[in-house]
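K.L.:
Go by the hints and put chains B and C onto chain A.
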Amino acid sequence: MSRLRRFFRTPEAIAGALILALLAAMALAAPLLFPGDPQAIAGPALLPPFQDWSLPLGTDRLGRDVLAELFHGARTSLAVGLAAAAAALLIGSVVGTLAGFAGGLIDEVLMRITDAFQTVPSFLLALAFVSIVGPSLGVVVAAIALGAWTGPARVARAEVLSIRERDYVAGARVIGMHPLEIAFREVLPNALPPVLALSSVIVAAAILTEAALSFLGLGDPNRVTWGGMIAEGRTVLRTAPFLSIVPGVALVLTVLGVYLVGEGVVESTAVRRSLS
Amino acid sequence: MTALLSIRDLRVAYRRDGIEVPALKGISLDVEAGERLAIIGESGSGKSTLALAVAGLLAGGAEIGGLVDWFLPASAGAKAPLSVLPDISPSRGKMGSSVAGSPLATSKIGEGRDHELISPLEGEMSGRTEGGAVERQLFHLHDKPARLGRDIGFVFQDPSSSLDPVMPIGKQIAEVVHTHLGLSWPDSFAQAKTLLDRVRLPDPEAVLHVYPHQLSGGQKQRVAIAAAIAAGPKLLIADEATSALDTIVQAEIVSLIRRLVAEDGMTLLFISHDIALAATLADRIAVLRHGELIELGETDQILNAPRHAYTRALLDAHLGLDTEPLFHRQGASA
Amino acid sequence: MTVLAVSNLAKRYRRGGKPFAAVDDVSFEIGPAETLALAGPSGSGKSTIARLVLRLTEPDAGRIDFESTDFLALSGAALRARRARLQMVFQDPLAAFNPRATVARVLDDPLRIHNIAPRAERRHRIAALLERVGLDAGLAARAIHEISGGQRQRVAIARAIATRPSLIVLDEAVSALDVSVRGQILELLLDLQRQERIAYLFISHDLGVIRAVAHRVVILDAGRVAESGDARAVIANPQSAIGKALVEATPRLTRNRP
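Residue numbers (our numbering), protein chains in the order written: chain A, 1 to 276; chain B, 277 to 610; chain C, 611 to 868.
For reference, chain A alone in the conformation it holds in the complex (with noise of 0.2 Å):
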């Protein structure tokens, strides 16, 4: 509970906080404000924001409700950014800990391996895994999480290194436990804070490869993305700009809420000490 209290303790996390809870509502609420399918014609084409007050953000090219659009793609994209995390931790932790407990031959290979998939740019890696597989939901979380799982490895390969060598851990073994229950039991739960404290950033970035592989055309064709609605924009960018703008707004504002969280969490765990 004073964690808690520590987090609100600054503006920022505040702030983060307000931004990420309004997204999650909005992409809770898609389907009850907008119960139909959001890229069902809803009115004219191109309607301005602000003109019609049944549709407040005004339609697109094809007369599509921009605000109905919106609200679900903030559910795609929170939705894609929270799962791509999730995995590239998952993958990135258990790999870390295999290497880092196991050593040796293990730890080399897991770790080369790791070296390659970091040479490769993840954006490239996954517009290539897209383009190969097909793009669905699944396959876009898959791509993204392809990239970003090599970050939580190498840090949670370096905390097992120094949790391996402490007493209990050798504690463990004389009592007979078995070196997978000792890596995943006793040393990777003492090896996560580092790693989860990769997450906001992994979070921001999924959302926005997310939203730029949407944006070349390779999300899910059946899902409003945000990506999607400013490449949708861009071809009437000069006489209609907002429909590129409130998208991408959409995006800035959610990873801005996504950094000011993880600062705030960052900032409540750290214990500060001024010895002056």
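Do not take every clue at face value.
Unchecked claim - Cβ-Cβ distance ranges computed for the label pairs, FRET-style: (1) B/Asp-285 <-> C/Phe-630: 48 to 56 Å; (2) B/Arg-476 <-> A/Ala-116: 52 to 60 Å; (3) B/Gln-577 <-> C/Glu-639: 41 to 49 Å; (4) B/Pro-441 <-> C/Ala-620: 27 to 35 Å; (5) C/Ala-751 <-> A/His-178: 20 to 28 Å; (6) C/Asn-618 <-> A/His-178: 30 to 38 Å; (7) A/Thr-10 <-> B/Gln-577: 55 to 63 Å; (8) B/Asp-592 <-> C/Glu-639: 28 to 36 Å; (9) C/Glu-639 <-> B/Asn-580: 38 to 46 Å; (10) C/Phe-630 <-> A/Leu-161: 20 to 28 Å; (11) B/His-485 <-> C/Phe-630: 21 to 29 Å; (12) A/Ser-162 <-> C/Ala-751: 27 to 35 Å; (13) C/Ala-705 <-> B/Met-443: 26 to 34 Å; (14) A/Pro-31 <-> C/His-734: 50 to 58 Å.
Claimed, not checked - Just so you have them, the derived chain C footprint on chain B, three or more residues with Cβ under 8 Å: (15) 519-527; (16) 549-560; (17) 591-597.
What the hints assert, rightly or not - Listed below are the simulated DSBU-like cross-link pairs for lysine-lysine, each with C-alpha atoms no more than 35 Å apart in a straight line: (18) C/Lys-628 <-> B/Lys-469; (19) C/Lys-854 <-> B/Lys-469; (20) B/Lys-447 <-> B/Lys-469; (21) B/Lys-447 <-> C/Lys-628; (22) C/Lys-628 <-> C/Lys-854.
Because the hints were derived from the structure by calculation, they are not lab data.
Source: prediction; values computed, not measured.
Note that beta-carbon positions come from the ideal geometry of N, C-alpha and C, so glycine has one too.
P.N.:
Here is chains B and C on its own, set in the frame of chain A:
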């Protein structure tokens, strides 16, 4: 005997998760000039808190009450550094023949026999002295408000954490000399070498240039002691200074401390959990328990006629080389 | 009859690129219900020997026979199963446990791993273990970091005896404790030795403690055995230079006894 330090009703409490945890519950104690006083106690007795309070090293979160008064006779001040330093800069001479104020509380010129306090500062002691003008003048003259390092040398349990890992040993000691005695850098380095020789480190010239990680635990502690006595302090505080060392190195460090204290006429505050070790070094022993002073007396009296049951229990718990083996006591054998 | 026989054990490390012998040709034996102390200054190889005996580190040479079988020949599941009989108590009881653990979990692990009791029975076993080491059974629900240092060391002993070992390695197990607590822990260890006939490999730098609890002592210097023999005889009249230095350096409490 002249008191160097008079502690009156010293109270310290730490704040942990909003709860106030008392560490010292009103300690009153005089430290005589030139004596070797051991403070012993088990974990949670407050012995380290007492050492830190005397040195003005308590963390900002600690709540402090009571008085710590210093009595620094004018003549005694110049004596100690003289044996350490061959040449005396004018400013240092002045410093030595005057009185510096305590960051903790008040200080006073003259004899302390009557324990008369000039400017007592009651209550919060974490701030700087707002006392007499003489002290302030001195502070401004030397631009050193704190007296730790100058008048108090402090040796911690873990020398690795008190030494800078990326600075050569010589520089670390020379820095103390340069800062507190105002010597030039070449003179400070020459002084550092003399100090390394005094703490019996083999080949002081070479040690000047090595880094802490290249030394053993015992050698590091010798370096830490050299740094602690570099400015010729009147009081040397050793807080569990030998606890992390093995028996043989511990004995060497204890005899080193004994010799240095005798040579420089320093007063020693020896903080330890080991009553037997303390007894080999101390003139007087103070026994602390749960933040209270249980007993204070001459070493001989504490060992042979302890007044308090707890002191007796501590003595009985000691396992020396003349103790009856435990398995014999219980009538069992193997 | 011996519980543990160590012969010609050797272990070399590299320090600053140069090889140095941490343990060099060390041999000793421990009988049932016997306490053998390893004494010596830091760097003499005491703790390395403990790690070698426990197979936490592999030796470069030598032989370890535990309960009359070649302990170094065991590996994998066979080694893990045999570990039940050879336990350890560390110096710092806080570092010796997973910082997230509760007392119950710490004691449940050995019972579960070695199938000593079915799940339903383990709660009673844990309570019995806690009571055996002089702790309240209600302590089981507490987190390790919530209990005192002395209680933690008792929990460490409870964990060590949970699998009914024949030998426990005590690596400076009482060095970090307050003297009043230390006495109680030593009494507990002696009591367990008498009741369960457990042998101890007692590692300590403190000759006073060794003299109080050990039957025999091996004094080490720079990885080699300097001398060994009856603990009180060796300490009363050390022959080796390091033995003399250790005895000389031990602080004496000279009291006029009543």
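K.L.:
Give a verdict on every hint.
P.N.:
For each hint, the structure was consulted:
no.: 1; hint: B/Asp-285 <-> C/Phe-630: 48 to 56 Å; in the structure: holds, 54 Å
no.: 2; hint: B/Arg-476 <-> A/Ala-116: 52 to 60 Å; in the structure: holds, 56 Å
no.: 3; hint: B/Gln-577 <-> C/Glu-639: 41 to 49 Å; in the structure: holds, 47 Å
no.: 4; hint: B/Pro-441 <-> C/Ala-620: 27 to 35 Å; in the structure: holds, 33 Å
no.: 5; hint: C/Ala-751 <-> A/His-178: 20 to 28 Å; in the structure: holds, 26 Å
no.: 6; hint: C/Asn-618 <-> A/His-178: 30 to 38 Å; in the structure: holds, 31 Å
no.: 7; hint: A/Thr-10 <-> B/Gln-577: 55 to 63 Å; in the structure: holds, 58 Å
no.: 8; hint: B/Asp-592 <-> C/Glu-639: 28 to 36 Å; in the structure: holds, 34 Å
no.: 9; hint: C/Glu-639 <-> B/Asn-580: 38 to 46 Å; in the structure: holds, 43 Å
no.: 10; hint: C/Phe-630 <-> A/Leu-161: 20 to 28 Å; in the structure: holds, 23 Å
no.: 11; hint: B/His-485 <-> C/Phe-630: 21 to 29 Å; in the structure: holds, 24 Å
no.: 12; hint: A/Ser-162 <-> C/Ala-751: 27 to 35 Å; in the structure: holds, 30 Å
no.: 13; hint: C/Ala-705 <-> B/Met-443: 26 to 34 Å; in the structure: holds, 29 Å
no.: 14; hint: A/Pro-31 <-> C/His-734: 50 to 58 Å; in the structure: holds, 52 Å
no.: 15; hint: 519-527; in the structure: holds (count 7)
no.: 16; hint: 549-560; in the structure: holds (count 7)
no.: 17; hint: 591-597; in the structure: holds (count 6)
no.: 18; hint: C/Lys-628 <-> B/Lys-469; in the structure: holds, 29 Å
no.: 19; hint: C/Lys-854 <-> B/Lys-469; in the structure: holds, 32 Å
no.: 20; hint: B/Lys-447 <-> B/Lys-469; in the structure: holds, 10 Å
no.: 21; hint: B/Lys-447 <-> C/Lys-628; in the structure: holds, 28 Å
no.: 22; hint: C/Lys-628 <-> C/Lys-854; in the structure: holds, 30 Å
Every hint, counting from the list given before, is met by this structure.
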